[in-house]
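2 protein chains.
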Amino acid sequence: MAVYTEVNEVELASFLADYDLGHVLALKGIAEGVENSNYVLHVDAGYFILTLYEKRVDEKDLPFFLGLMEHLAGHGLNCPQPVRNRHGGALGRIAGRPAAIVTFLEGMWHGRPSVRRCAAVGESLGELHRCGASFALYRPNALGPEAWPVLFEQARARAGEVRPGLAAEIAEELSFLEGSWPSNLPRGVIHADLFPDNVLFIGDELSGLIDFYFACTDELAYDVAICLNAWCFEPDGSFNIGKGLAFFSAYESVRELTPGEIEALPVLARGAALRFALTRLVDWLNVPANALVHPKDPLEYFGKLCFHRKIAGPRELGLLR
Amino acid sequence: MAVYTEVNEVELASFLADYDLGHVLALKGIAEGVENSNYVLHVDAGYFILTLYEKRVDEKDLPFFLGLMEHLAGHGLNCPQPVRNRHGGALGRIAGRPAAIVTFLEGMWHGRPSVRRCAAVGESLGELHRCGASFALYRPNALGPEAWPVLFEQARARAGEVRPGLAAEIAEELSFLEGSWPSNLPRGVIHADLFPDNVLFIGDELSGLIDFYFACTDELAYDVAICLNAWCFEPDGSFNIGKGLAFFSAYESVRELTPGEIEALPVLARGAALRFALTRLVDWLNVPANALVHPKDPLEYFGKLCFHRKIAGPRELGLLR
Numbered sequence: 001m002a003v004y005t006e007v008n009e010v011e012l013a014s015f016l017a018d019y020d021l022g023h024v025l026a027l028k029g030i031a032e033g034v035e036n037s038n039y040v041l042h043v044d045a046g047y048f049i050l051t052l053y054e055k056r057v058d059e060k061d062l063p064f065f066l067g068l069m070e071h072l073a074g075h076g077l078n079c080p081q082p083v084r085n086r087h088g089g090a091l092g093r094i095a096g097r098p099a100a101i102v103t104f105l106e107g108m109w110h111g112r113p114s115v116r117r118c119a120a121v122g123e124s125l126g127e128l129h130r131c132g133a134s135f136a137l138y139r140p141n142a143l144g145p146e147a148w149p150v151l152f153e154q155a156r157a158r159a160g161e162v163r164p165g166l167a168a169e170i171a172e173e174l175s176f177l178e179g180s181w182p183s184n185l186p187r188g189v190i191h192a193d194l195f196p197d198n199v200l201f202i203g204d205e206l207s208g209l210i211d212f213y214f215a216c217t218d219e220l221a222y223d224v225a226i227c228l229n230a231w232c233f234e235p236d237g238s239f240n241i242g243k244g245l246a247f248f249s250a251y252e253s254v255r256e257l258t259p260g261e262i263e264a265l266p267v268l269a270r271g272a273a274l275r276f277a278l279t280r281l282v283d284w285l286n287v288p289a290n291a292l293v294h295p296k297d298p299l300e301y302f303g304k305l306c307f308h309r310k311i312a313g314p315r316e317l318g319l320l321r
Numbered sequence: 001m002a003v004y005t006e007v008n009e010v011e012l013a014s015f016l017a018d019y020d021l022g023h024v025l026a027l028k029g030i031a032e033g034v035e036n037s038n039y040v041l042h043v044d045a046g047y048f049i050l051t052l053y054e055k056r057v058d059e060k061d062l063p064f065f066l067g068l069m070e071h072l073a074g075h076g077l078n079c080p081q082p083v084r085n086r087h088g089g090a091l092g093r094i095a096g097r098p099a100a101i102v103t104f105l106e107g108m109w110h111g112r113p114s115v116r117r118c119a120a121v122g123e124s125l126g127e128l129h130r131c132g133a134s135f136a137l138y139r140p141n142a143l144g145p146e147a148w149p150v151l152f153e154q155a156r157a158r159a160g161e162v163r164p165g166l167a168a169e170i171a172e173e174l175s176f177l178e179g180s181w182p183s184n185l186p187r188g189v190i191h192a193d194l195f196p197d198n199v200l201f202i203g204d205e206l207s208g209l210i211d212f213y214f215a216c217t218d219e220l221a222y223d224v225a226i227c228l229n230a231w232c233f234e235p236d237g238s239f240n241i242g243k244g245l246a247f248f249s250a251y252e253s254v255r256e257l258t259p260g261e262i263e264a265l266p267v268l269a270r271g272a273a274l275r276f277a278l279t280r281l282v283d284w285l286n287v288p289a290n291a292l293v294h295p296k297d298p299l300e301y302f303g304k305l306c307f308h309r310k311i312a313g314p315r316e317l318g319l320l321r
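Residue numbers (our numbering), protein chains in the order written: chain R, 1 to 321; chain S, 1 to 321.
Identical copies go unnamed one by one, so any copy, or any two together, can satisfy a pair.
Heads up, simulated DSS-like pairs for lysine-lysine below, C-alpha to C-alpha not over 27 Å straight-line:
1. Lys-310 with Lys-296
2. Lys-28 with Lys-55
3. Lys-55 with Lys-296
Source of the hints: derived by calculation from the structure; they are not laboratory data.
Required output: the full structure, derived from the provided sequences and hints.
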C-alpha cells in the first residue's frame, strides 16, 4: 500500500512517447496494490492506471499477468485492460522498473459484502474460469499446497507466540491435507486472491475485478474455495450459509461444478484457509517493530479453518446439489 | 505519504448525502500529503480530492485553511477550491475525522525546476501575497523564529551524529538570527511550504498551488525566502543566480518588494534555511529504525544556510534593484 518508485516528468514523457494517449494532465500515486507502485494517470485519452512492477514481482511472470488481463477483457470480463504501445507491446520500462498502463476501472471495494454482492462475485468468478479456459499461457501456483510446508517452517518456531499449540495444530492439518488433497479436478486459470478489496462495485453492480498478480494455473474449485472463505464469513467469524448459497448458485449459473469438485470443496476450503493463515502468520511474525503497515491477523484464517474442520459436508457451505 | 484512515461506502454515502455531487464512481487513496489522508474521488459531477484531516492537524485551524483556499480561488489563483455542502459549509466529518472536498487540480510536480518554472512560481507567489491581503482570518506561524530554539532543543544532544560540530553551528546561527531578524516588514498570508512538490505544471504552464496546511500570517518576504531556497538551488547544492533573477523578476511583476524587504532577504533566507534544516534534523533523529518513509536529508538545508552566510548582499541572490 505505497508508492515505492517515484516517476518524474522526463521519464514519464519518454515512456508515453511510445503510446497514442496524448499529453499528461495529472499523475497521482495511489495507495493500492501491496507489491507494486500504482499511479492514476490522466492523459488526453482519459484516465488510466500506470503500474511499476517492484522487486517482489518476477519479471518473467509479467507476460502471463498482462496477457491474462487482455484475454479476459477481450472476452468481456470487467478487468483492467493493458494498453498496447505503438510497437504492439503492453510492457515497457520506466524509472528502471518494468511498467504497464491499464484501463482505469470505476467502482469502490466494500469491506462487508452483502448477499447480493456475494452472488455477483460468484458469477464473475465463474466467468473468469470460463473465459480463462481458452488462455494459452501457464503459470504454476507459487503458493499452492507444495509451498505450505515451506511457509510453515518459516513460522514454526515462533507460532506459539500467536497462540499456544498453534504449531502442532498446523502440523496436523498439513498432514491431513497432504493425504486428502484432490488431484484430478478441472484445472485452468485462477485469480487466487479474489478478496473484497480486489472487487469493485458501483452500488450493487460489480464493476470490475482487479489485481491479477497472484493469478496462476490451478484447480478451479480451489479458487472457488478461496473466494468462499473471503466473502461468506461474517466479521464475528461465523459462516453465513445464505451468502454461501447465493455465491455457489451464481457461480454455477455460469459454470457448473463437477461432482468431484463438490465433494472436494470442504477439503479445498481447509487448504485455502490454511494458505492465507500461513502467509499472514509469516508476515505477522516478521513485521518490523515500527512498521507503518500492520499485517493482517492470522487467527482470522485459523478460525475459518476450524469451521471447515467441523462441517459434515458441502451442504453446510451452501452447496445443496 | 499514506492513507491513515480508510473510508467505507456507508460512511462515504452518508457524507456525500450533504453534497450535490451525484453518485460515487470511484475512490482511490493517494500517496500525497504528509499529514492527512487524501483520496481521488470520482462522482457524477467530476473528479475531486477528499481530504481527511488527521491528528497532527489542529481542527481549529481548518476554517483558516479552507477559508484561505476559497478566498484565493475566488480571486483567480489556481488552487484547490473547497466544495460547499448543502448547509453552506466546507467542512464535514467522515470516519470520525474532519473532512473536506476540494476541486481536483490537473498537473504534475517536477523535481528539477527549469528557469521558466522558477519564474512561474515567483509570479504565482506574488499573486498569492496580493490576493491574500484581503483575507480576514489570522493564524500565527507555528514554525516561525520563536519555534526554532524549541526545535533545536529536541535535536541538540544528538545533532553531532549527523555532522560533528553541528550543534555549535546551529546555536551560533540562532543567536545571529535572534539579533538580526526583521520585524517591521509587510505581513500577510504566506504559503510557508511552497516547495516543488506543492506546485503543479502542465508542460511549462503552472496549473496549481496545493497543500495550504502550513499557511499562516507572517512576513511576506519570509515566504519569498522559503520559495527561493526551495526552487533556485541545483541538486549539487549550488545556487543558480539565473533562477533567482527569473524568480524575483516574476514575483515583482505582481508585487514589488519594499527596500526593507530587499535588504532583509539574505537574513530571511538564512532563517528560512535554518527552519527546514531544523525540522528535517528532528525528523532524521527520530525516524523509527524500520520506517517505510525516509526522512529528508537535513544537511541539504545546512548547505543552503552556509551559502547565505557567505554572500555579500541581495544582489547575489538575483535581486538586482
